[in-house]
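Asks: Please model the complete structure; the sequences and the hints are all you need to start from.
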Amino acid sequence: VLSREEDGYVVVWAEHKVDTLPDGAPKTQPGENIETAGESRTFEWLNLLRMDLRGQPVGVPHRITSQTGHIGQMALASVKHDRFDIYARDGADALAEDVGGRILRFSVREDQVDSPVEVVGSGVGLGSPSVLPGSHGEAWLFFEDSLERTRAVPIGAPDPRPSLEHALDDVRLGVSLPDEGWLGVSAARSLVRVRCRAAPPASSEAKQ
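Here the sequence shown is numbered in this note's numbering, starting from 1 and rising by one per residue.
Only true hints are included.
EDC-like, lysine to aspartate or glutamate: derived pairs with alpha carbons at most 20 Å apart:
| no. | residue 1 | residue 2 |
| --- | --- | --- |
| 1 | 80 | 138 |
| 2 | 80 | 6 |
| 3 | 80 | 114 |
| 4 | 80 | 5 |
| 5 | 80 | 7 |
| 6 | 80 | 110 |
| 7 | 80 | 52 |
| 8 | 80 | 111 |
Estimated spans, in silico, between C-beta atoms of each pair:
| no. | residue 1 | residue 2 | range |
| --- | --- | --- | --- |
| 9 | 117 | 188 | 33 to 43 Å |
| 10 | 55 | 111 | 11 to 21 Å |
| 11 | 13 | 118 | 18 to 28 Å |
| 12 | 161 | 79 | 16 to 26 Å |
| 13 | 13 | 197 | 27 to 37 Å |
| 14 | 127 | 190 | 15 to 25 Å |
| 15 | 54 | 193 | 31 to 41 Å |
Since the hints were made in silico from the structure, they are not lab data.
Beta carbons: idealized from backbone N, C-alpha and C, even for Gly.
Replies: Okay, structure coming up:
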């Protein structure tokens, strides 16, 4: 659920269905292995519904991704009054190619959804992504890689590559602190505070 201030709210949720043959057996494609052992092949997609300030639906639910895709885990980020972004995990080829999933950004204006932009191309694990505000007005995307390590991407940075900071490996962030970064819990059940700052773009001399 995302508050739209004077306009009400936006609700985005995932639906899924098992893809079966007429006899009820799950469908599979040659060489395809999206689900783990013992699971049926499923499709996931995202829906959107606007609500007024009283929580009443405005219009009808609007499907924003394909019903034959594998997009179900996402995070919402407000950008401007008339626009918000959805950062969603696409797991279509996650296990088939053994490279992990990817994260796509969908920008939504009113009922128009722009073509998705790839933010992280591979290596994304099964956890849901999250978007948290930073200490200097910027926003950060956090996700788990295929080894369940937390990775960070500065949204809007000139070169938004996932960080490889070992300090984030076993930390799960959940609360933003004004001007102080974020609070999270480590694998040792310790409460930790994390600060991140986007690295400056590499100079032309460094690139050479």
